[in-house]
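Chains as they are written, first to last, in the numbering used here: chain A, 1 to 264; chain B, 1 to 347.
A portion of the hints provided could be inaccurate.
Said to hold, decoys possible - Quick list of simulated restraints, FRET-style, between CB atoms:
hint, chain 1, residue 1, chain 2, residue 2, range
1, B, R104, A, L125, 39 to 45 Å
2, B, G105, A, G33, 58 to 64 Å
3, A, L251, B, E175, 48 to 54 Å
Said to hold, decoys possible - Some chain B residues well away from chain A (every beta-carbon gap over 10 Å; in silico):
hint, residue
4, E48
5, E74
6, R76
7, S117
8, R174
9, R212
As the list claims (entries may be wrong) - Taking beta-carbon pairs under 8 Å as the criterion, some of the chain A residues facing chain B (in silico):
hint, residue
10, R50
11, V133
12, R162
13, G171
Because the hints were derived from the structure by calculation, they are not lab data.
Ideal Cβ positions, reconstructed from N, Cα and C, are used throughout, including at glycine.
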Amino acid sequence: MRRVRIEPMVWLFAALGALIVLFVAAPLVWTVGSVSPSALWQAVSEAEVREAVSLTLWASLVATLLALLTGVPLAYLLARYDFPGKRLVEGIIDVPIVVPHSAAGIALLLIFGRKAIVGRLLAPLGLSFVAAVPGIVVAMLFVSLSFLVDAARDGFAAVDPRLERVARTLGASPWQAFWRVALPLAWRSILSGMIMMWARGLSEFGAVVILAYHPMVAPVLIFERFEAYGLDYALPVAALMILISLMVFVLLRMTTRRRAGRLG
Amino acid sequence: MSGGALRIEALTVNLGGFHLRELTLEVAAGEYLVIVGPTGAGKTVLLETLAGLRRPQAGRLYLDGAEITRLPPERRGIGFVYQDYALFPHLTVAENIAFGLRLRGARRAELEQRVASLAGMLGLERLLDRRPATLSGGEAQRVALARALAVEPRLLLLDEPLSSLDPATRAALREELARLHRTLGTTTIHVTHDFEEAFTLGDRVAVIHHGRLRQVGPPAEVFRHPRDETVARFVGMGNIFAGTPLDGGRFRLQGGPVLLTAEERAGAAHAAVRPEEILLSRQPPQAENRFQGRLVALEDRGAILRLRVEVPPAFEVWMTRRAFERLAPRLGERLWVSFPASAVHLF
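Generate the whole structure from the sequences, applying the supplied hints.
Printed below as a string of structure tokens:
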């Protein structure tokens, strides 16, 4: 049997890499591990916790669906057409990634606040954004839509435009070519973008807390319990959210891996 | 079933580096027209414009007398087969073939019957449940043809349909294309950079170069009587010499001898002789045109050999292996080249 000598460089890189992997994994594992199953169960059985967690999941899902409805058509345009200002549009879509999220919350407040333009416009419809669920959705949408739009754009860009052209010659309208060819072929990218966006929305604290401290989403609840009662009280909820996020993450990896497997 | 007649009037397409300039061309119903031009001459762009996938800057298109210039592709009834097939990767072979029929809301029984009949015609019966990624090039090309034919197009556009296939598959598919055309009679435009395909398939051939139509006619005619130097080079004329016509059907080559020709063309600036029409001998031959020269180069191509005899000018001569072995010429040897007056083409 041939023995492959491992270069010193590889050893060094592996050691450095192990350090950073440990840096991420250790706190997460430690947090979940330091909470006993009974403490976790107790946290789950608290109405306040359950409500906060389910509000977080729902609000993020609504934000994701709003982005699906508006962001995926935009992603298609970005993948298929060149138009003046395209770079600017792409830049705007990605800006939320770099803006501090508390600053984003302040900015949203200026538009969606009670006395602000959109806030006032939508008030007669019964939509209020401050200290209300729509505010949470808006905050989550703002900070996480880049993930879905970018993933969908890359997904559409990977579809050969000639497939849609052939569909047109076979009798498909542009609309039918989109539904029967482009969308099914980009669907897995869109789905993984949705999961990524949903997961990013679940974890949002900064923007949400400025628009809507109440009703409380899980990240705000963790913060409040830590501030008001200390670490022991915040820990079970933190562990619960880590577990939920991990499940979402596994789901994401499964969808992307199945795609890779199918192409290969 | 029969195809539609296409008329292209002064079609102009500008697309970055590529221009199609005032192309005018008629394709008769049921005709098989082969458009040849060098790679990168924008043949794909021309087909996409005919199919309605691109807007021309100027010009008009008529199909069966009705103008279709501004009609969207889905309402033209023009089938398209791309060079690398462009099959829908998320659908099976059967679903690919049925794609257009399904859009028309064909009933299930009709759909299945039509898919089965096309699969039978193209030998795809065993592949119907497969995904495109698992098909060979030849199989994928057949599926692409079946998919385009399923909706009974009035005009079928084939973009270099044989170029990405290996030689054996290419020959088989070339026969298949000829057979399909005989059976269905669909008006077909086939673009290629290979003049040979024009010979085996085309009722007529159109040569396009630098965005302009240079010549159109039956393949044998274009092959024998190219209209200008570009076409002559493209059809593999080989020996093209500049010169001036004299009276009495004679033509003086620049810095060389006078050729006897069977045709007279005032204003001609070139004479051409196909390399396979020239005979090589040791004894002075009986021929209208005969010159002595030295064998200066020899390239063995297997079945044929390419030789160059410096007269001057230098003549390229093709010999079959059998003829070559009988004559057994040596490099540097003085030999006679000869050809009849009818082999000289002027343009």
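Each hint, compared with the structure:
1. B/R104 / A/L125: 39 to 45 Å: Taking Cβ atoms as reference, B/R104 and A/L125 lie about 43 Å apart, which means the hint holds.
2. B/G105 / A/G33: 58 to 64 Å: The hint (58 to 64 Å, Cβ to Cβ) holds, given that B/G105 and A/G33 are roughly 60 Å apart.
3. A/L251 / B/E175: 48 to 54 Å: The hint (48 to 54 Å, Cβ to Cβ) holds, given that A/L251 and B/E175 are roughly 52 Å apart.
4. E48: Nearest chain A Cβ is 7 Å from B/E48, so the label is violated.
5. E74: 5 Å, violated
6. R76: Violated, because the least Cβ-Cβ distance between B/R76 and chain A comes to about 8 Å, which does not exceed 10 Å.
7. S117: Since the minimum Cβ distance to chain A is about 17 Å, B/S117 lies beyond 10 Å and the statement holds.
8. R174: 22 Å, holds
9. R212: Given that every Cβ of chain A is farther than 10 Å from that of B/R212, nearest at about 26 Å, it holds.
10. R50: Check failed: Cβ of A/R50 comes no nearer than 40 Å to chain B, outside 8 Å.
11. V133: Where the cut-off is 8 Å and the nearest Cβ of chain B is about 38 Å from A/V133, the hint is violated.
12. R162: Constraint on A/R162 satisfied, holds at 5 Å.
13. G171: Holds: closest Cβ of chain B sits about 4 Å from A/G171, inside 8 Å.
The structure fails hints 4, 5, 6, 10, 11 (numbered hints given earlier, in ascending order).
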